[in-house]
Structures are given as C-alpha cells and as structure tokens.
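Student: Read off the chains here:
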Amino acid sequence: MAKHHVEATVNGDAVEFLCETEETLLDVLRDTLQLTGSKEGCGSGDCGACSVTLDGRLVCSCLVLGCEVGGQRIETIEGMAKGEALHPLQQRFLEHAALQCGICTPGFLVASKALLEKTPNPTETEIRYWLAGNLCRCTGYDKIVSAVQDAAAAMRKG
Amino acid sequence: MATQTYVGTRTIRPDGLDKVTGRARFGADFNLPGQLIGRVLRSPHPHARIVSIDTSRAEALPGVKALITRDDFADQSSEFIPAGEMMMNYKDVVRNVMAREKVLYEGHAVAAVAATSVAIARRALKLIDVTYEVLPHVIDVVEAMRPDAPLLHDDLFTVGVEPKPDKPSNVAKRFEIALGDIGAGFKKADVIVERDFKTAPVHQGYIEPHAALASVSEDGSTELWCTTQGHYIVRAHCARLLGLDIGRIRVTATEIGGGFGGKTVVYLEPLAIALSRKAKRPVKMVMSREEVFKASGPTSGATVHVKMGATKDGKFVAGYAELKYQAGAFQGSPMQPGVMCAYAPYDIENVKVIGYDVVSNRPKVAAYRAPGAPISEYAVESVVDEIAKKLGIDPIDIRMQNAAHEGTKAAYGPTFGPIGLEDTLNAVKKTEHWNTPLRKWQGRGVASGFWFNIGGETSASLTVNEDGSVSLMAGTPDIGGLRASLAMVAADELGIPYDKVLPIIGDTGSLGFNFLTGGSRSAFSGSMAIVEAAKEIKADVCARARKLWELEPGQVEFSGGHVRALGAAADTHTPMSIADFAKIAGKTGGPIGGYGRINAQGAGPSFGTHLVDLEVDPETGRVTILRYTVAQDAGKALHPAYVEGQFQGGAVQGIGWALNEEYIYGDDGKLQNPGFLDYRMPVASDVPKIDAIVVEVPNPKHPYGVRGVGETPIIPPLGAIANAMENATGIRFTELPMSPPKVLKALKERGLNKV
Amino acid sequence: MRYEAPESLNGAVALLAGATGDARVLAGGTDLLVQMRADIVDPELIVDIKKIPETRGITEEKGGWRIGAAVTAAELKEHPKLKQVWPGVVEAANLIGSTQVQGRATLGGNLCNGSPAADSVPALIAAGAVATVAGPQGMRNIPVEDVMLGPRQLALRKGEIVVSFLLPPRPPRSGDAYLRFIPRTEMDIAVVGAGVSLTVDSAGTITAARVSLGAVAPRVLLVAEAAHAIVGSRFDEAARERLVAAARAACRPIDDKRGTTEFRIDVAGVLARRAALIALDRARRS
Numbered sequence: 000m001a002k003h004h005v006e007a008t009v010n011g012d013a014v015e016f017l018c019e020t021e022e023t024l025l026d027v028l029r030d031t032l033q034l035t036g037s038k039e040g041c042g043s044g045d046c047g048a049c050s051v052t053l054d055g056r057l058v059c060s061c062l063v064l065g066c067e068v069g070g071q072r073i074e075t076i077e078g079m080a081k082g083e084a085l086h087p088l089q090q091r092f093l094e095h096a097a098l099q100c101g102i103c104t105p106g107f108l109v110a111s112k113a114l115l116e117k118t119p120n121p122t123e124t125e126i127r128y129w130l131a132g133n134l135c136r137c138t139g140y141d142k143i144v145s146a147v148q149d150a151a152a153a154m155r156k157g
Numbered sequence: 000m001a002t003q004t005y006v007g008t009r010t011i012r013p014d015g016l017d018k019v020t021g022r023a024r025f026g027a028d029f030n031l032p033g034q035l036i037g038r039v040l041r042s043p044h045p046h047a048r049i050v051s052i053d054t055s056r057a058e059a060l061p062g063v064k065a066l067i068t069r070d071d072f073a074d075q076s077s078e079f080i081p082a083g084e085m086m087m088n089y090k091d092v093v094r095n096v097m098a099r100e101k102v103l104y105e106g107h108a109v110a111a112v113a114a115t116s117v118a119i120a121r122r123a124l125k126l127i128d129v130t131y132e133v134l135p136h137v138i139d140v141v142e143a144m145r146p147d148a149p150l151l152h153d154d155l156f157t158v159g160v161e162p163k164p165d166k167p168s169n170v171a172k173r174f175e176i177a178l179g180d181i182g183a184g185f186k187k188a189d190v191i192v193e194r195d196f197k198t199a200p201v202h203q204g205y206i207e208p209h210a211a212l213a214s215v216s217e218d219g220s221t222e223l224w225c226t227t228q229g230h231y232i233v234r235a236h237c238a239r240l241l242g243l244d245i246g247r248i249r250v251t252a253t254e255i256g257g258g259f260g261g262k263t264v265v266y267l268e269p270l271a272i273a274l275s276r277k278a279k280r281p282v283k284m285v286m287s288r289e290e291v292f293k294a295s296g297p298t299s300g301a302t303v304h305v306k307m308g309a310t311k312d313g314k315f316v317a318g319y320a321e322l323k324y325q326a327g328a329f330q331g332s333p334m335q336p337g338v339m340c341a342y343a344p345y346d347i348e349n350v351k352v353i354g355y356d357v358v359s360n361r362p363k364v365a366a367y368r369a370p371g372a373p374i375s376e377y378a379v380e381s382v383v384d385e386i387a388k389k390l391g392i393d394p395i396d397i398r399m400q401n402a403a404h405e406g407t408k409a410a411y412g413p414t415f416g417p418i419g420l421e422d423t424l425n426a427v428k429k430t431e432h433w434n435t436p437l438r439k440w441q442g443r444g445v446a447s448g449f450w451f452n453i454g455g456e457t458s459a460s461l462t463v464n465e466d467g468s469v470s471l472m473a474g475t476p477d478i479g480g481l482r483a484s485l486a487m488v489a490a491d492e493l494g495i496p497y498d499k500v501l502p503i504i505g506d507t508g509s510l511g512f513n514f515l516t517g518g519s520r521s522a523f524s525g526s527m528a529i530v531e532a533a534k535e536i537k538a539d540v541c542a543r544a545r546k547l548w549e550l551e552p553g554q555v556e557f558s559g560g561h562v563r564a565l566g567a568a569a570d571t572h573t574p575m576s577i578a579d580f581a582k583i584a585g586k587t588g589g590p591i592g593g594y595g596r597i598n599a600q601g602a603g604p605s606f607g608t609h610l611v612d613l614e615v616d617p618e619t620g621r622v623t624i625l626r627y628t629v630a631q632d633a634g635k636a637l638h639p640a641y642v643e644g645q646f647q648g649g650a651v652q653g654i655g656w657a658l659n660e661e662y663i664y665g666d667d668g669k670l671q672n673p674g675f676l677d678y679r680m681p682v683a684s685d686v687p688k689i690d691a692i693v694v695e696v697p698n699p700k701h702p703y704g705v706r707g708v709g710e711t712p713i714i715p716p717l718g719a720i721a722n723a724m725e726n727a728t729g730i731r732f733t734e735l736p737m738s739p740p741k742v743l744k745a746l747k748e749r750g751l752n753k754v
Numbered sequence: 000m001r002y003e004a005p006e007s008l009n010g011a012v013a014l015l016a017g018a019t020g021d022a023r024v025l026a027g028g029t030d031l032l033v034q035m036r037a038d039i040v041d042p043e044l045i046v047d048i049k050k051i052p053e054t055r056g057i058t059e060e061k062g063g064w065r066i067g068a069a070v071t072a073a074e075l076k077e078h079p080k081l082k083q084v085w086p087g088v089v090e091a092a093n094l095i096g097s098t099q100v101q102g103r104a105t106l107g108g109n110l111c112n113g114s115p116a117a118d119s120v121p122a123l124i125a126a127g128a129v130a131t132v133a134g135p136q137g138m139r140n141i142p143v144e145d146v147m148l149g150p151r152q153l154a155l156r157k158g159e160i161v162v163s164f165l166l167p168p169r170p171p172r173s174g175d176a177y178l179r180f181i182p183r184t185e186m187d188i189a190v191v192g193a194g195v196s197l198t199v200d201s202a203g204t205i206t207a208a209r210v211s212l213g214a215v216a217p218r219v220l221l222v223a224e225a226a227h228a229i230v231g232s233r234f235d236e237a238a239r240e241r242l243v244a245a246a247r248a249a250c251r252p253i254d255d256k257r258g259t260t261e262f263r264i265d266v267a268g269v270l271a272r273r274a275a276l277i278a279l280d281r282a283r284r285s
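If you read the sequences in order, they're chains A, B and C.
Following numbering that gives the first Met the number 0, the numbering of the first sequence begins with 0 at its first residue and continues without gaps.
Following numbering that gives the first Met the number 0, the numbering of the second sequence begins with 0 at its first residue and continues without gaps.
Following numbering that gives the first Met the number 0, the numbering of the third sequence begins with 0 at its first residue and continues without gaps.
Derived by calculation from the structure, the hints in this document are not laboratory data.
All residues carry an ideal CB built from backbone N, CA and C; glycine is no exception.
Treat the hints with caution; some may be incorrect.
Under 10 Å between C-beta atoms, here's a sample of chain A residues computed to sit facing chain C [stated by the list, open to error]:
(1) V14
(2) L17
(3) R56
(4) V58
(5) G78
(6) M79
(7) A110
(8) A131
(9) S145
List of simulated lysine-lysine pairs, BS3-like, C-alpha gap at most 27 Å [said to hold, decoys possible]:
(10) C/K76 x A/K2
(11) B/K388 x B/K306
(12) B/K753 x C/K49
(13) C/K49 x C/K61
(14) B/K741 x C/K256
(15) C/K61 x A/K156
(16) B/K187 x B/K439
(17) C/K256 x B/K747
(18) C/K61 x A/K117
(19) A/K117 x C/K157
(20) B/K90 x B/K101
(21) B/K439 x A/K81
(22) B/K279 x B/K187
(23) A/K2 x C/K80
(24) C/K256 x A/K117
Computed beta-carbon distance windows for the label pairs [unchecked claim]:
(25) C/R139 x B/R121: 36 to 42 Å
(26) C/P79 x A/E6: 49 to 55 Å
(27) A/E116 x B/L390: 53 to 59 Å
(28) C/K76 x A/R155: 43 to 49 Å
(29) C/G10 x B/A59: 53 to 59 Å
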C-alpha cells in the first residue's frame, strides 16, 4: 500500500516525509530525516533514549507512529541549542561531567528541559521521578541530577 | 614529571559538545549510500541439533541480496585467545557467531540476510526453513555439572583434574590456587563460618545495542564501523573468521554507548562483513534489545561455597572457597579471576580456592566489569561480616585488622606494592554517613573490594600542527572521558593549553596495535603512551634547538613548556615553545610528532570500600537505598569528575545486581525477561546521590601514579548491601538478587513481616 | 498495514465493524506499538481515535465527570479540578510507565489492552466508573469491572470502542486512593494493585466503600467482601484485619517473573489496607 505523506514541524522547520504505517516517529527522525540524535535503546518505551517533545509534550518517539504526527510540532535534541548558545542544561551537563558514554544524554536533556519548563524549582525527588523513564547505565544518575539542579537554579536567576 | 596545570582538575571533555547536541555518532548512526539492512535468524530452542537449513525461499524474495549460514564460515581449529580479560577459543568463537552442528541457546544465530529494507529482511527470515532435532537442555550450573546432565559438547573434557577424564562433560575446567596449609589454618580458628551462596546471570545493560556497518570491496578490502571496546580485536577476529588479511580490514570504532566488557567480543561484525562480501554492497546491522539480552553475553550465574576461620581476636587464619561459574554455551566463564580475587583484600596465611568453569544452554558469557570478582568477593565479604558479628568486632575494624598492605603476598601470586585498602577503610570510618544513627528496619553494611587492573599493548601519537596545536590520537575507544584525561596529560607534558590538544580515537589503519578498553586500562596505559610520545617530541625540539642555537647536548632542556638554554647560554637564547617550533618545523627538519608504543606494565590494583544504608518494608520485602558512600584508591585521579563517575556508576550497577537484576528462565529454557521492563536495572528514583571519596595512594610504576579505577566499583556493593540487609532484618541472605518476594518470604518464615 | 484517523465516532465504528482482518484501535500507542514491534500483533488496520472529539474531553456531567477514552494521563494530571475530586484515579493513571509514557497513555487504552495489571483500572473500578461504548448497534454503558473478562479478553463486540468514562457524583466526605507494588520505584508493571474509594459520615464511620484489586487474578477484581469488611466501621484494628483477610481471600494470582502466588496474596492484603487508610484520610479531610 502507498506510503503516508506527512507534513509536520521539526525544531521549527517545516518538514515533509513519506512513511509506512508501521514506521515509528523515531524511525522517521533517524532514517528519513537523518536526525540521529534521538537514539533507540529498546524500541519499547522503557529507556527514554528516544525522547522528543510532541506539541510540547514529552514522549518516547518509539511509541509514536510517523503517520500520527501530521500538523504537529516536534522538538528533538538537535533543536535544543540556539545557534552557538547551548541551553543551560547542555552547559551544566558538560560542567558536571553528567555524561560518560553519552548515549542516554540526548534523552535526558530533552526530558530535563521538559521538566524545567513545567517545574522551574523541582526538588531532587521530583527530578528523579520525572527522569525515571530515562535509563543511564554509566553514571549512576548522581551527576545528572546535580546538573539538572544547577541548571534549574541558573535558569531561575534568568 | 611535568607541572600539573590540568591533570587533577575538572576540564570539560573535548568530545562533550557533540554528545550534548546529538551530533556525536554512535554505532547505529552511520550509514553508507546503497547500504543493505542485515538481520539475524536466531534459534527458538535452547538446545537442538541443526538437521538442515533451507534458504531457497528466502533467497528468492525480491530485495534479498545476500544470505549466510554456517556454510559461509570455515571451521576453526582450537586456539585460545584473549577476549577482554578472559580467554576464548576460536573454535568456539566461530560457532557462537553462527551455529554449526547445534544451537546451544535460545537466540543462537543460525542464519543472516541482507536486504534492501528492514521489512524485507524481516520477511526473509520467516522464509528460512530450519529443521531442528530438539535436545534436552540444562540451565543451572549445579544441574549442568551432574554426570547425567544433557551434554553440550562431546569433545569437552575437564581440564585441571587428575586423572584426565575419559568421558566428556559440561565441566570445562577446574582451577585452584593455594597458599599455606588450609587444614592447619582451620585448626587454629576459634570461629568458623561456612555458607553457600547463589547468584543469577546479570547483563552489562549498556543502553546502546550492538551495531556494525561493513563495506567490502571487490579485492577484499574491508571497512567496518562498529560499536566496540576494542577495534583492533574486532579486526583480528574478523580476519581470522573470514580468512581476510588483517591489514586489509580497517575498523573504525564509533562512539560507544556503554560496554562494561560486553562489547569486547564479536557478534554482528563477522556477519556484516560476510554479507557485504557476498552482496557487494555495504551492510548495516543493529541488534534489537531482545537480541542483546538473548544473544550477547551476560556474566555468569554461580554457586559459591565459602568457609572462613578466625581467631577470637579477629585474625583471619583460613580462607576456603569453591566457585562454580556458568560459562554459557561455550567454555570461558570468569571463574579464574573470581578465584584469584576472592580473598585478595586480606592478608591470610592459609588460603585455598577452587573454581569450576561449566557450560550450560545460555548465551556465552562475556566480561562484565571486574569479571568474576563481584561474585566471589560478595560471598567472602558476607562471611567476613558474619565473623565480625560473631566475635563482636566492628566490621570496618576487622577488615582493617586483616587488610592486605604493602608486602602482603596475595594468594594468587604477587606481593603487593603500596596499596590503598586501609586508606579507604579509614576514609569511610571518618564519614558522617558512618556516624549517623539508624532507625528500626534500617540497616548499614560495609564491604571492600579488589581488582588487579591490567596494562597491555598501547599505541598513541601526538602530532604538532602548524599552528602549534597538537593532535592526539589514541587507540582505545573512549567510553567515559578518556579523551579528556589524555588531553590533560598531553597538555601538561608539553606545557600547552588544554584546548590546544585535539584528541581523537584513531582507526586501526592509523596506529599500532591497541589492546581493548577494559581491565581499567585505558587511562592508565593511554597516559603512559602519551608520556612516551611527549618525550619524543621534547627530545626532537631540543635537538632542533641545539642545532639552531649551536649548543651541545646537556646545554638545553625542556621545562615549563619551553626548550631552554642552560647556564650562560640562557641569557642569550629566548626559550622556545612547541608553538614556536611548529612555525618553523619545515625549515628545521620536517613535521614534529611523537609516538608511544608500549606494552604497559605495572598496573596497580585498586581497592575500594563501600558503605550503604537501606530500609526494608517488612510487610512487602521492598528495599530502599537510603545513603551510599564509595571510597576507592585511584592512585592519581587524572580527571576527578570522571573518576567519581566510575565509582558512582559501578555502585549503581552493583545495587541493581544485588536487589533486582537477574536472567529469568522458564522450564522451557527460554529467557522470560529480555527487555528493560522486566530486566530491572536501577532508575533515577531508585538511588540517592552517591558520595564518592577519591583516595590517592600513588602507583609507583606509573609516571603520574595512576591506577585503573573502572572495575573495582562494582565489586563491594553486593556484599555491602547483603550486610546491610542482615543488619536491618537479622537475616543473612545468601541468594542474589534480594528481590522482594525472596525477602518477604524470609521475613514471613521468621514471623518478622510486620511493621 | 492501513492507518485511518476518522474524525467521527460513526466513522471509527464503521471502519472497525467492516474490517476483514485484525483491526486495532490506536489511542496512546504505548501498548499497541510495543506489541507490533515484538511481533505479537500484526494488524491489517489501525484506527486512530484521537481525532474524535468525544474521546478527548474532560467535562463535568450531572455532578460527575466524563473523561474521554483518549485523554492522556498527563492531561488528567494537569486538569485543575479532577485531582481534587478523584486523586486516586489521577494518581493511578500517572503511575503508568514513565513521564514519557504518561504523555501518551490513555484510560481507554489502559483498560482495553486487557491486562489485569493495568494501573488505572482498579482505581476506575473503585470509583464506580462506567464505560460508554459505541458500536454498530448504537451506544451502551458498561461498568468498568465488567469490561475486562480475562487477559486480552474484553466484553466488546466487533466494531465497538470505548468512547469515554463517567465517574459518578462524589458524596461529601469521600476519598479514593490507588497503590501498587513494584520492586523498583518506577517503570515496573504492577505486581499487585489496590484501588479503594470510600465515603464516611460526620462521625467518621465508613458508609460506603469499593475495593478493587489488580494483577492478582485473570481480570481486575471488584472485591465486595473487602468493602463489606469495613462498611459500618471506623476502620479500627478489627476492620483492618477483616479487610486484609477479605482482600487476600479474593486473590487467584499466578507465579510469574514478576512475583510468586504467595507474594501477591500477602501484598494484596497489605496494599488494600494502606490504600484504604489513604482514602479514609482524604475522606475525612474533604
């Protein structure tokens, strides 16, 4: 059967693509749009490495079909920095050594950004529970949480 | 040693920007024009003879461009080779990569296809007809050792027993170390504790699945991009398995999304190359998460028996243990390091440890962070705790009393130089954590751990560019901050700014041989190689300066980032930096660079002590980790934040291993939890912040005093948590994981399951 | 594989009723896509219901609340009033999976996936929720406890879809709560789930109660005996013990990779008691 023709917005840019019914948004981002920053760690929504926002809502892109997103606004890790300016979260992750291998980092950054946009002053517990859907095997989460706390404080100062 | 401007500080890692922006390319992020997608057909049976494979229907499917089976791999003769920190046999490697006579675990590769799309590849797999003769299977290690157990290999005869057996079995090897006289030791003991322990297989759990992209030209030249801890090892294995010349294969290690030992062996790489060779097009292969669990090596499950004796004032006089480790489908569990490490933290006169390497119908185990040691040391640390309790001695004090120190002869052979175990015990004792009171149903546990660490073949280069910047090329994939650490060493050695050092990980065509990233060796050996490379550059610029200044050897030296004339000549000759020489390199002899090619020796062991507080919900058996402290000897922390990161990451892997992670098999021999939903690794809300105390007892054999740190952190958590559980509940848990159903059952049996 | 996104109920019903092969409803996709990926299902037709207005609203209706079947857990949490009236239902929905999953998961999908371990279902049953179903023969209402008959077995006929849920009007001094047992702190499927809703009078005596247990039987249970155990009491020690015993007696769980039979029975009693305490506290303070 013919592929679906979909028009959407990705990181502020209008995109159009063709996809099969069974292709996920993650497949489309990585293979069709060549935005490989979102990663596949499990394909079943259990690791968060594929996190993006869809109309401002944090989701796993492996749990969304490409053909569902017509007319919607998608934001991925590639859209997080503005020109040369890193987002405070990106900067704090570097400063706090909140990444070791880095495979989970895009997912954590997208998820943390969504948290801070909703809750600018989260407690450590709130941070940990919000990020429970993002698996990291290298860092033990300690420096990730510190980086998010530090970025939150910096962003509140404005 | 150079002035340390950068070493020991928390620089921003040079590869960090790409990783926080999504630009960094990991294994599955590489693509080539015209590439095909490869997929593997895997056995649904844990044990079966392959009667026939009919690929005709699959080959006829439009879009299928190549198909491989066992017929595409020449058999290999028996030869043991290092696989990470363990040994493997090429005869087994070729069979693990593609089953030959039998399938030996559910998920064992039977065939592979390359097609023009994922959908066609998936459909093609369904069209391959394999006829199996299903055989009885065996999963548990003790069951596999029984004489009537289903036999995996009819040519496997136990090595290390006398007389040599004339019947094959599933026991591949018996290994033993001994010190002193174990019988006499137990006679001296006032207290003896004897316990049996059981652990389940656990997976390294890296978030990035295995991925490989291969492109083979008509003359057999091969380019391979893969996510691996050792691209030189991959090159060697693929050359051997496919009959290719090593020099004709160029392997690029992509950024790697975690390995922990699990990416030190080959799975997809030989398949991708074989398919590409057949299809005459690039072939890309990525494992699904289910395939990672079913078909890539977890570490062993094991049964361990420990018997220890001590005098009434707490001196350990005898340490005995028997370890039975499951290797998976082919021999080669980490039983040997498990045996060697079991009692290594302690100075005991009489030690005997015996180990068995046993095959069973599970995926072939691969190295997992200090392979073998977490299991044996968990058992010993648990018994040490029991002895301390029986004698009324503080658990830190009893370890201090018996701690290995400089001059201790370890049961596995060497005599220790300066080591830091006592320092870590002292560090923990001083913490506020140790001195904070607990409430009911809360418990505190402490345990120590040891890992040898290794050095090995390492090649690295430093090249001075025309603008005075220095390109650094290392050959061990960077899993956790290596490029930052090596750049800091290079910057300090050459006296240049850190951001003028541009580190990359070279492909196999660009550097001499490098053993893999593992064994806690990459910063240790890499920095040694960089020091050698820097020495060559310093000698070179000194020689150029002497010529320019018309001075004798001995009249110039390199210090503080500059070549300086000595003595009277200093007044008339302005010191020259590396950047100064870079500008005139062509005129003074050509490009400036240095090479370090070493077989790094002198790796110093790293000892650690962990402290954990936890709380048990007596009505449900659920455990909450309340507080966690790690103290470990790094010798010299090149980059303290990444050293702390190793401590914290290893501790959390240990927490998962102790509480919730395990491979769960049904009676049908099939894995029931091949996914992150039911293979339960710790999530962010499961753990608190991990306090990391970096102890530094310099390693005298390294120019900066560095000790590898990556592996030791996963060892103490198992014992520390088991000891904390005993402290909280009064119950000694001897089976891992200490999951809620087990904990609640034990509490119920003692009538303790009420608040 | 066909994908359709009808904009009306009739359109969706017609598509599903007329399907010749396997047809699946797509709301949040957090179960369907996982099953497709694992080759457990291979539908010929996917009907996305998210464009149908009746499945997307949260509105007050005759003193109660009507929640569309395709409203996400995250939207439930963000609604300013719903969590005051039905905190148990909102919390239960927001225990499903992770933050990312809650951004897509729906009450309709959580029910119609047919897993007895679904987190929101015990809370809905305890609340007395009724599912409104649209089908080729028209609309009908089914109490939520009668929708799931067994694992992956629903009381829906071909062509029927759950459109919305109606939560009944809340008497004063009422409270609800949902607790689940999982080995980690997040991300696991419930090993046991307990939903309790109750009402007290001005003296603090429980006048009405509903107790529902998940993951302890082939379907989510409404345990009448557990409710009887506490109605008329002030949840004293004896009433608590009766509740625990009644909850345990109702369990028919299995041994599986998530928990043993014995474990589930033990914990069911504990959670029923703890959830009832929270519901009681909420009722007294409301």
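Student: Run every hint past the structure and note whether it holds.
Tutor: Hints, one by one, checked against the model:
1. V14: Violated: closest Cβ of chain C sits about 19 Å from A/V14, beyond 10 Å.
2. L17: 13 Å, violated
3. R56: Cβ of A/R56 sits 5 Å from chain C, so the hint holds.
4. V58: 5 Å, holds
5. G78: 17 Å, violated
6. M79: 17 Å, violated
7. A110: 7 Å, holds
8. A131: The hint holds - A/A131 has a Cβ within 10 Å of chain C, the shortest such distance being about 4 Å.
9. S145: 19 Å, violated
10. C/K76 x A/K2: 36 Å, violated
11. B/K388 x B/K306: Cα-Cα ~16 Å, so holds.
12. B/K753 x C/K49: 47 Å, violated
13. C/K49 x C/K61: Judged against 27 Å, a Cα distance of about 25 Å means the pair holds.
14. B/K741 x C/K256: 13 Å, holds
15. C/K61 x A/K156: Status violated; Cα separation ~46 Å.
16. B/K187 x B/K439: Violated, because 38 Å separates the two Cα atoms, which is more than 27 Å.
17. C/K256 x B/K747: 21 Å, holds
18. C/K61 x A/K117: 32 Å, violated
19. A/K117 x C/K157: Given pair A/K117, C/K157 is violated - Cα atoms ~41 Å apart, limit 27 Å.
20. B/K90 x B/K101: 13 Å, holds
21. B/K439 x A/K81: Measuring from Cα to Cα gives roughly 52 Å; hence the hint is violated.
22. B/K279 x B/K187: 71 Å, violated
23. A/K2 x C/K80: 42 Å, violated
24. C/K256 x A/K117: 36 Å, violated
25. C/R139 x B/R121: 36 to 42 Å: 40 Å Cβ-Cβ, so the 36 to 42 Å window holds.
26. C/P79 x A/E6: 49 to 55 Å: 34 Å, violated
27. A/E116 x B/L390: 53 to 59 Å: 57 Å, holds
28. C/K76 x A/R155: 43 to 49 Å: This hint is violated: roughly 23 Å between Cβ atoms.
29. C/G10 x B/A59: 53 to 59 Å: 41 Å, violated
Checked against the numbered hints above, the structure violates hints 1, 2, 5, 6, 9, 10, 12, 15, 16, 18, 19, 21, 22, 23, 24, 26, 28, 29; every other hint is satisfied.
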